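2 protein chains.
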Amino acid sequence: MWLIKENGFDKEHIIHRGNQFIIGHMKLGVRGTLDEFRRAEKVAITLPFVYDQVGDGWREPVNAFNPLFSEVIIDGKPLNVLNGHVISHEQTLDMKNAVMSRRSVIQRGDYQVTIESSRFVSSVDERLIISKFQVSIDKDIKIVIKTGIDIDIWDINGKHIEDVKLSEKGYLKVEGVTHEKGHLITCLKEITPLFENSKVKIEKNNDGIFYGIEIDAKKNHVYKFESFAVIGVDQENDDLENKLSEVLHEGYHKRLEKHSQIWNQKWDVSNVIIKGDDAADVALRYSIYHLLLLAPQSNSQSIPARGISGQTYKGAVFWDTEIFMLPFYLNTDLVSAKRIILYRIQGLPGAKQKAKSYGFKGAFYAWESQEDGFDACTDYNVTDVFTKRLIRTYFKDKQVHISGDIVYAMKMYIDRTKDFSILKDGALEVILEVARFYLDYGHYSILKNRFEIWDVMGPDEYHERVHNNAFTNQLVKMVFESVLDYEEYFESENDSYFNDMVEKLSYHHELELINKYKDLVYIKEIEDSLVIEQFDGYFNHKDINKDELFKLKLHEHEYLGGQGLAGDTQIIKQADVISMLYLFKEKYSKEVIKNNWEYYEPRTEHGSTLSASMYALTSCMISHPDHAYPLFMKSATVDLTGKSKHFAGGIYIGGTHPAASGGAYMTAIFGFSGLSFNQGIKVNPKLPQSFENISYTVRDKGKLYKVNVDRNESKIMEEKD
Amino acid sequence: MWLIKENGFDKEHIIHRGNQFIIGHMKLGVRGTLDEFRRAEKVAITLPFVYDQVGDGWREPVNAFNPLFSEVIIDGKPLNVLNGHVISHEQTLDMKNAVMSRRSVIQRGDYQVTIESSRFVSSVDERLIISKFQVSIDKDIKIVIKTGIDIDIWDINGKHIEDVKLSEKGYLKVEGVTHEKGHLITCLKEITPLFENSKVKIEKNNDGIFYGIEIDAKKNHVYKFESFAVIGVDQENDDLENKLSEVLHEGYHKRLEKHSQIWNQKWDVSNVIIKGDDAADVALRYSIYHLLLLAPQSNSQSIPARGISGQTYKGAVFWDTEIFMLPFYLNTDLVSAKRIILYRIQGLPGAKQKAKSYGFKGAFYAWESQEDGFDACTDYNVTDVFTKRLIRTYFKDKQVHISGDIVYAMKMYIDRTKDFSILKDGALEVILEVARFYLDYGHYSILKNRFEIWDVMGPDEYHERVHNNAFTNQLVKMVFESVLDYEEYFESENDSYFNDMVEKLSYHHELELINKYKDLVYIKEIEDSLVIEQFDGYFNHKDINKDELFKLKLHEHEYLGGQGLAGDTQIIKQADVISMLYLFKEKYSKEVIKNNWEYYEPRTEHGSTLSASMYALTSCMISHPDHAYPLFMKSATVDLTGKSKHFAGGIYIGGTHPAASGGAYMTAIFGFSGLSFNQGIKVNPKLPQSFENISYTVRDKGKLYKVNVDRNESKIMEEKD
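Each protein sequence line maps, in turn, to chains E and P.
Residue 67 in the numbering used here sits at position 51 of the first sequence; the count goes up by one each step and never skips.
Residue 724 in the numbering used here sits at position 708 of the second sequence; the count goes up by one each step and never skips.
Just so you know, these hints were derived from the structure itself, not from any lab.
The structure presented is a predicted model; accordingly, all values stated were derived computationally and were not measured.
Heads up, some of the hints might be wrong.
The list makes no distinction among identical chains, and a pair is therefore deemed to hold if it is satisfied within one copy or across any two copies.
To be verified - As a list, the in silico SDA-like pairs of lysine to any residue whose alpha-carbon atoms are at most 25 Å apart:
#, residue 1, residue 2
1, Lys-534, Gly-375
2, Lys-427, Lys-603
3, Lys-414, Ile-539
4, Lys-427, Ser-730
5, Lys-372, Asn-113
6, Lys-185, Gly-267
7, Lys-185, Glu-266
8, Lys-562, Lys-601
9, Lys-569, Tyr-410
10, Lys-464, Asp-535
11, Lys-464, Arg-481
12, Lys-220, Gly-24
13, Lys-464, Val-518
Generate the whole structure from the sequences, applying the supplied hints.
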């Protein structure tokens, strides 16, 4: 159950396979494309958190040069899956070791060629891609293996690397600088041919720099080589050269061993085993594979919404990370969990700048956060299919819940770890500044004697500029309460840090106001029907059936939100009230959750991968795991099946969906096995019919536990770490 | 200078002439169409303030049966301007007496027919249309004059009158009932032929009921008749019959005399004479003609935005009346001025109901007010030309300044008349309830320590859902201050009425809050440039040239507001900050007005007839009457030239523009002659170059003044009333 395997070749699947078979880590994403693929097939060697902007295009992560390019040339013409007759083709992801392999048998004329390769991105090193490539033919024939560094990079918004220089000095080298910030991007590559009798020529052209290895191939003889590539971002050439010679010396297998050791350690604490349902077992493991890939590698990193799978969503970090991914790391990898928090602490100046630009005090975090918390989100994110004009969207300026999501994550981190030191590392300052922002953004309604938050967008992005979104308002109240909770904490510790911070930030008045208004934050009423209105006036919106609404579409890709078809209806894009109920579950009864689930689910498009898992989690809470199961599978398999939007209005928006992976993990652990930590570690299983057993490892407060949940009996045992 | 005359016939002008030559009064509007015109030519005998709704169509005033229909039939075929060869055609409006006439010479074959007619709507009676019709031919020939009641009514939204019954009992009679409220609509008509030797047949069919008068016409002999029609709304037949026989007995000329006497009295106190510029003189007189037509006839009436010219704008009353028309009546006709106020007092329950429906206390007045203050405005007022879908507009729910405009009008009425009794007639209750609404709609911004008003639409309708619109916020402050001013007034009078009202309305808490927050209402700052930002963030909108913006249009009739082309630019539909500066001129220096004028005028489309006059008035304030002049002429001539939109997205929206008429009057009196009453009656002339002299009569505080403003010298003399 460790292998993801796909047989057969279909051009239609090229984009999806690129995401499905991704390898790498948070400093280097390598899409699961084939050796012979190029720009048109969306090869990407992505450098997460290295951003660049060209002209008015969207600011996005830089794609580096591609050192994985290899192809076989016979009779003067390349032979590959795109132009040959594919007899068989198999692509495999070994999740245990994070290695991608392919094996293709291709026919042309009277000969068949077998191409095999494997690749991994070393988890030991900063940016090192190691691969092996082999070819054999069922005929004696002259062949050329062309391998090198492809510089014809696939970019969505402009050519990011300029001044590209090619050179050969015992290895192939390409370097160039990024357009906006002048980052030096270097790629060194060398190969170790494991065969004799060949002639090597160097080829330099607009496509890159390549070795052309001419071989008089013997029938069924295997010609293979290993390839080592190191990619640098603002790094000294000597360092890169040293690294290259070190790995050249060690070779593929020795290096793989070191790499695998690290991956095996990761799996030891992360693997979840589901018995009785192999499809669920593999899908969940595949979700966890993605989360392991995406562990932040430094305190300046968090996790972009499309992971390391390319330039879409501007390579930016959304609330997805805090709400849908952090819980996984809190269970398995506290270093990464902490980095997710530290990234936002580093982003505080950017968040303060953003608030100021809108005339508010405090911290308004980026909706699409790049380095240093810079908001890459634009005011126009969608194109009107009818007029081809850009549509003004409100993700950036109205989705103010982002700041509260971050505080929620900080609180979750502290609650789970009891690591209060993070407060002094900057979290307290963030919390105070977010509270200050909400004090300024919200308003006191004089006659109603309550604190209201007008003109926001909740998680459901179809409804723009609403008032008193139930989700947002709860977060605001939580933020105010957190300020006072941590004031109390430092007081109880006789630590003046809180008061010092109040002094430093001139926060006396704000603290007074928080005390005065925290209980006045308007929390949407539970109606007689037990349903909670998503925002003021939502119930007055047209109550149309979801399918009926979609039938009104005049264009397949028309935008439904805002002034679009869904905007004045009760149809929502994704979980909103339901997300609020999950995040604040301790405040609501099961009956309330049940009635809201039944009201909102039929009105939800699940048009975001953040939706299904929230419905799945709450479904478990009301003892309907079998309602949860299809939603869980939807989340867990989104990158396996590729059943997600790859294009919007002609623009590529594809990539992996780590929030769905995180949501699947959360559903399995907190939903099906019902894990909770509130009163000590506990499970309250709600297994779907197909599950016999679910078992996993989890960390809590310095201890490691083995959890085994059976239909009849559950065990939680402390393990040695 | 009392006649409006148009020569020649052009089918393209039919709609415009219908508006241009309108006659009637506030109980009966008769469009200036020709005798032989029918539904297709947009004949309308409109019953203002008698509304009806059919199905989901817009609720609109009812058009009655048309008793003015007459045509000449020769050789079995009607001969008229539409199907004959028009040799000459002249249409005349005698503004002094409110009489419309036409004279047409039409050729067919070897004969020419001359048709003449005149008509007036009696100003003495409730709904009486008196006309005369004559025909002569340059050949001996058999003709038929067909005259009767046309029942094939032009309706924009549905067939409003049902159960139509035709009868003949010594006169022609049609009756029917309205669809929604079952009002009985009756039309009686009788004619007095002033010739002999004819045979009369009665014709009844789907078109109506008619006399067919067969005549052996003699060459060049004139055949004429007078026609008398009475229209009833829920009236006894006996009363209508008596009225008909009374006027039949008196005849056209005697009745015209009585009618003219009333009109001459109106003109005595309303006429304005401009010397040196005949075009301006006539245009202004024509504007005043419209305002005289539109004087409310009862305390349940005000003035609809399209006057009595038909069903467009739902026959509803907008803020146009209070801000652009009331000043005329305050100068000339206090009975009408008071009715304009009383109409809104009657509308208070409707306004409270509207506020409640949105979750607010107090009074939120109708954006499109019909009877009893019912808001006829819908949430969808515009059609997307690209998708043919309705666009959600925010006129009804966000243009909250309407309530403040009404209080502004009440204050204006009291300031000018010192008639404080209106407060006890209900105005005080309105003011208190409007203040209560604003207390509830606006919010206190805690950190900024100010009272803000978010999510509104100002006069400029291109920018939806803005925060702290300068215009709206000033009105809110004014409303709060008015409450306290009138509290002081009653106190100084030792009158407990104010306190009784506070008691009755449970207003103690509100009064406290008004005292607390009135000085905290956020008044937009005067920037260093002396310009005032129209709303929060306006200056961050795209600063594009007006013409450049219009060039981006993909469709002639596309909607520019909201998500349309203008929505995210600084291009505005109509005066907004400039309207605020005019209404609150005592608060701002001339320099501020000047800088704002220069900033905003180039950014204003003047896409509403409420725009030009505000720019004209403020232009005079900064001593640029020659900048004001073209804007004045634009307002004064809009219904003369017909240069206004008649259609929007295929829907007829034409009609007269009384707010432009009112604005033209204001510009002439308060702008060019610079009339003011603040420190006694005074003028401060700013005559445009072409004016030698402007003279007029004006009432103030029970006195009548004759004002004569010359280039060199001005005189104000008290007159006997």
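Okay, the hints, checked on the actual structure:
no. : hint              : verdict
1   : Lys-534 x Gly-375 : both (22 Å within a copy, 23 Å between copies)
2   : Lys-427 x Lys-603 : within (16 Å within a copy, 51 Å between copies)
3   : Lys-414 x Ile-539 : both (19 Å within a copy, 24 Å between copies)
4   : Lys-427 x Ser-730 : neither (29 Å within a copy, 77 Å between copies)
5   : Lys-372 x Asn-113 : neither (47 Å within a copy, 64 Å between copies)
6   : Lys-185 x Gly-267 : within (20 Å within a copy, 115 Å between copies)
7   : Lys-185 x Glu-266 : within (20 Å within a copy, 117 Å between copies)
8   : Lys-562 x Lys-601 : neither (27 Å within a copy, 53 Å between copies)
9   : Lys-569 x Tyr-410 : both (22 Å within a copy, 24 Å between copies)
10  : Lys-464 x Asp-535 : both (13 Å within a copy, 20 Å between copies)
11  : Lys-464 x Arg-481 : both (21 Å within a copy, 22 Å between copies)
12  : Lys-220 x Gly-24  : neither (34 Å within a copy, 82 Å between copies)
13  : Lys-464 x Val-518 : between (30 Å within a copy, 19 Å between copies)
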